[in-house]
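Residue numbers (the working numbering), protein chains in the order written: chain A, 195 to 784; chain B, 115 to 944.
One or more of the hints may lead you astray.
Said to hold, decoys possible - Under the rule of at most 27 Å between Cα atoms (straight-line distance), these lysine-lysine pairs were calculated in the DSS-like manner: (1) 600/B / 642/A; (2) 342/B / 233/A; (3) 283/A / 487/B; (4) 596/A / 773/A.
Stated by the list, open to error - Quick list of simulated restraints, FRET-style, between CB atoms: (5) 940/B / 630/A: 26 to 34 Å; (6) 484/A / 735/B: 41 to 49 Å; (7) 910/B / 728/A: 51 to 59 Å.
Calculated from the structure, these hints are not laboratory results. Quick caveat, the model's predicted, so the values are computed rather than measured. The beta carbon of each residue, even a glycine, is placed where N, CA and C say it ideally should be.
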Amino acid sequence: MVGPLYDFVANPFGAVRLSFEQAVAASPAVDPVAAFAGKDWGALDLFRDFLLEKGGLSQVPILDASSRQWIQPNSLVRFRGMVQDMLGKELYIGAFQDGSNWRTNKYSDGALFPMPAGCQSAYESNLWERLLLHCVPVPGHNSWAMHSTPPQVFRNVMDNSMYEHGEKRQRDEEIDENNEHGGSPSSKKQKEGEHPCQLNHSSQGSLVQGGFSEPRNGASLSCVIKMYDTPECDLKLNDVFEFIAIYTFDPEVVAYKEDADDLMDDLLDDPLMHLPPSKVPRLHCLICRKLAIQDFVSSPLSVELPSMIKGIRGSLLSHLTQVLGNDGLAGECLLLHLLSRLRARVDAVSVGKLSLNLTGFNGETASIFGNRITSAIQSLLPFSQYIPLTVDYLNTATLQPKKNNQTGRLIPGVLQLAQGTHLTIDESHLQPGNLDSNGVHNARLLKKLIEQLSVEYDFEFYTSEMTADVQLLILSDGKSNIMPADLVLPFCPNAVNSIANPSPEELQSWRWYLDTLRSLPYSSQPDLHQMLQDELVAAMREDRSLGCQQLNRWLTMARLISVSFGEEELSLEHWQMFKEIERLRKERIK
Amino acid sequence: MASSDYSSPYGPPSSPDGHSSPIPNTDSSPPIPPSTNGGRRRRRRTPTPNPNSYQTPTRSSIPPTSPLSNTFSTPRRRGTPSTPLSASDAGDEFSDPADPTPVFVWGTNISVPDVNAAILRFLRNFRGPHDDPDSLEQGKYMRAIDRIIKSEAGESVDVDAHDVFDYDPDLYAKMVRYPLEVLVIFELVLMDMVARLDPSYEKHIQPRIFNLKSSVSMRNLNPSDIEKMVSVKGMIIRCSSIIPVVKEAVFRCLICGYYSDPVLLDRGRINEPTRCGRQECLALNSMTLVHNRCSFTDKQIVKLQETPDEIPEGGTPHTVSIIMHGKLVDSGKPGDRVEITGVYRAMSVRVGPTQRTVKSLFKTYIDCLHLKKTDKSRLHIEDPMERDDNSSTKRTASEDDSLDYEDKVEKLKELAKQPDIYDRLTRSLAPNIWELDDVKRGLLCQLFGGSAVKLQLGTSCRGDINILLVGDPGTSKSQLLQYMHKLSPRGIYTSGRGSSAVGLTAYVTKDPETGETVLESGALVLSDRGVCCIDEFDKMSENARSMLHEVMEQQTVSIAKAGIIASLNARTSVLACANPSGSRYNPRLSVIDNIHLPPTLLSRFDLIYLILDKPDEHTDRRLAKHIVALHFENPESIVHDVLDLPTLTAYISYARKHVHPQLSEEAAEKLVCGYVEMRKRGNFPGSGKKVITATARQIESLIRLSEALARMRFSEWVNGKDVDEAFRLLEVAMQQSATDHATGTIDMDLITTGISASERMRRENLLTATRNLVMDKMQLGGPSTRLTELLEELRKQNSFEVHLNDLRNALATLMSEGIVSLHGDSVKRI
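In isolation and in its complexed conformation, chain A is listed as follows (with noise of 0.2 Å):
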């Protein structure tokens, strides 16, 4: 199987074995694989060298629901995902002696090669450990965001008899894995008929669906992702990765449970038992990288001129603005809110984070700009969801992500988020109602994600905060006292305007403009404290309602002013600019 020059893509255990045996063959010691144990061989600079120096990364096929199916086992892909779950610690077999061979198990289920009889016995010293990840895409990926890498030249490799296993087949499998997430797909479509005023306009439909947390193409296309020699430390729930694994996945494994006469293993099973591996692919990670939004974004044309930021920032607001009806003062608001990131926490106080209420939504304005804001807002952040607030989507809705102990997973909500992400909250259809007492939790974890952008996780006998930098923008008809946020205007369009459709190159660049300077670090300027501080004081004396909070906002949005034009201090100037859209709001808020 191994040729002289094996295939890196195509027979990736090829590499593996074939550096084993060469590790093996020269280790001097007694007993050369016990030294292997936690640590890599030499196969990894292989593929280091393989894909990263020779440019082999492009000939990786990246896995998802539609390469699914052509994708060959045993080979190597990329895939993108969340870190879902944690499952803990796998042990196996890490290497035997066949004969006077040694093999490995490793970044494979099982053993290629049979193990003889014996090897089951004496395996104490080759027992070595993996971690295993459940991964999911990330929740509200826009389409744009997943195709950024350039398409493969890999379907010519296509084997049609992989392909012969139907499409039909996969998609009822898919259904079943779904049903495995502890049954929310039923009340998921329950909820979906329950909005059937959304569900006429016709492009919502998908937002709809993109505020259940659902992948937007279609079936999703979990994984279980087993990583070798990385400590557990290194790895976050909620992270999102790009792992080049080998692909494994065999719909005709039959689930090893078959015999029910094991009543043990109903509790000494595994969550794993719950992904079996003819649903759930099984990647066996090589390499991974933790991605960041400027992953998913490719940047321009690399000029970091200051008129280039300028020009890119006047066309964005312009954009924002036409999308927000020629309300200049909103899309001066949102482009800050857009700009908004989690800096840091004292005490209670979240830094840096700048949640938006947009009010004046009622009716027609929600229909009509409600799908406008958040389209617009699709196509310029990579990962977006849409939550359309009603009393019922509070009563039913999951948010919160939940510890099933039954089965050892973690049950995912619609809160279960990657950092980064942006959530539109639209009020505009909430009326009056009964809240039970799912709904009165559900609230109260909304009003806790915005006042400190934490997510109480629920693990059964107690919960566990996570922090979640998410970009939280509520659409209602008055200030919203569920989700109360950190700046509210009222929206005033005057004119429902086409939008021109922005050129392709136009939108690459506001994608690396926001993330670029979302990401700009601040830099301290020590003479403008005084100034701001007389100003913070003089306001106060002015008006006696400010509180901490207010003049917390005002120096977060006073920052998101500078850093909207590239700059890493806060200069006079733009702190008269924020005085000015300070005062414009004031104006129309009496």
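With chain A fixed as given, assemble chain B onto it according to the hints.
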């Protein structure tokens, strides 16, 4: 083959055929009874047991209890009790092995006779730190064994691993490294010892090791821990039902009815005899299992999960399976926090017959030897002031780990001893809100709370302190509330605007004017045993507010709905804040006039603070500086000399749980004197007006406050200083809210009726003057007079200022007396 249902974990991967047996072939060491020997060998080598060793009548009555017994103990157990061993024999045999060359267990450094002797020495000679080493009394473990034999109840001896370590570190090391081997020997030694002490004692005694020197985090269990003794802490999240496990099986021949000898478990399986054992029959494949003649043992599988404090940020908890045997079954329930000592083991995943690939996976579990519950708080009897800590489980989690807990308590006690603890606590409460120190002190008292008293008649006196904050907008009242909500266990934060006091379900309403959505929640019931923070108290509906009357004094909520009258507990402290009805507080008016709250409700607050926004350059600047620093400086560089939130909550909850102060003589006296003093202040010598400066409610408040103050110091006694401070706090609050601005004295009538005594006097004077005027100037049935004329006249006659409103009030009173009639602006005498 009759397969027992737990074959895999007991198919001992650790001691596979022959070579890695824990107990070596000890034929050469004569003292070990031959039958034991044979049994041991048989386990390893012969798949079918040797029938002659099954003759002891006692065997099936011995319940196997050890997790290891399935593999190790059965043959041995069978041998020992039946073998007559003379005491002297047993006494010497282990310490003086006949064979000079040490025999090691394969793959280990364990020499059976050595370990045997070491264990025997330990059991016989170990003396606890409190025992007199020279006394002739028996050691700790000998006494324990004696006790067990006498009571005939025990089946196990708890062995503190620390004791083993102290006595013989080498033995400890061996025991942890090779637990399977050492425990078997340990058990053997115990057996022999018991047999020697009381040959008729038939129960099997096992060693249960606990309290290892170090415990492993579940996260760090790795392949190198396999087959070692480990101790892990965690929380039980699931328990299986009890699984009966066949210990010995009896078969019957279907053809001749012959009962086979009991067949023992062999490597997790019971081998069904293929041939009838009776010489006359010898039928093939005729044996069937006789269930009611088999002996079973209990087994249970438990899932243990990491406690929240061990989970790194952004991680999910790990779990591990624990197998419990015999007596340990059902000793833990889901939700219990336990420390498990056991042997970490792995078993291969069974290969299904349909499986193509060979499974290279292993499942891991811990064979439990000892279970210790670390959660003591569950044992507490319900205490009216005890709080459940649902909202802050993180803290409880770490608290309950006994060692950590002790540590923490020590630290808290250290803290409590500091002389400035009161000030420090004050500073730590909402550190980013400045000034308002006295308000914060009051809030602290509320958090700590007084003691509830239950009288014999069933009525009870609340221990909760209710506080009302009244003040100008923008004076961070809401922030204080939010902070309190965060600090207090089971706190509920609600806005008065949308609170239905009772509703158990909540309701979303829409403000018809602004379109704002409002959430109505049943706050009071939900905050039972917590602090219920009500923002915008003044905007609460009449209906909801009337509910509070009951809550704040009786601490219950009564609901009458559909013919059912229910009284729900709402043992909650109320912390409310209200805005003055005008946009700003009018210092000329009383509290009641300012906030439009019924006096009956107001009087139920122990402390009422006025937070007036006095423009203060200094405070503003401090706030501005803080906010600027927050945004422009490295957040880590901002340091407060304060307790952090977790410490503060831990401090408070510890105090609430464990400190129940009582009034000392001195304090009681001071209270009485102080109260009398306060009452006296109302009587001005020579003036006829009676001002009530204190009521019975105040003395109750004072007691609660001083108890709370004592609690802050973790003191069981309320001393004089506490009482002084309580008086000071009350006075500060009263001065602000109940000061009669006309006279400058404290007047409780302001709170209880909304009208100060001086005001009442003034009104009475006006009334008399008006009456006189009416009587003098107007004739019965005469023409009507205009109001303004009357006002002019009054002003002329009297020295004091008269307002039109006051006059109207006076006339209204006269109208009710039937003297005048008032139509619009004209007054007529009737």
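Now for the hints, and whether the structure bears them out:
| no. | hint | verdict |
| --- | --- | --- |
| 1 | 600/B / 642/A | holds, 12 Å |
| 2 | 342/B / 233/A | holds, 23 Å |
| 3 | 283/A / 487/B | holds, 26 Å |
| 4 | 596/A / 773/A | violated, 44 Å |
| 5 | 940/B / 630/A: 26 to 34 Å | violated, 60 Å |
| 6 | 484/A / 735/B: 41 to 49 Å | holds, 43 Å |
| 7 | 910/B / 728/A: 51 to 59 Å | holds, 55 Å |
The structure does not agree with the numbered hints 4 and 5 stated previously, though it agrees with the rest.
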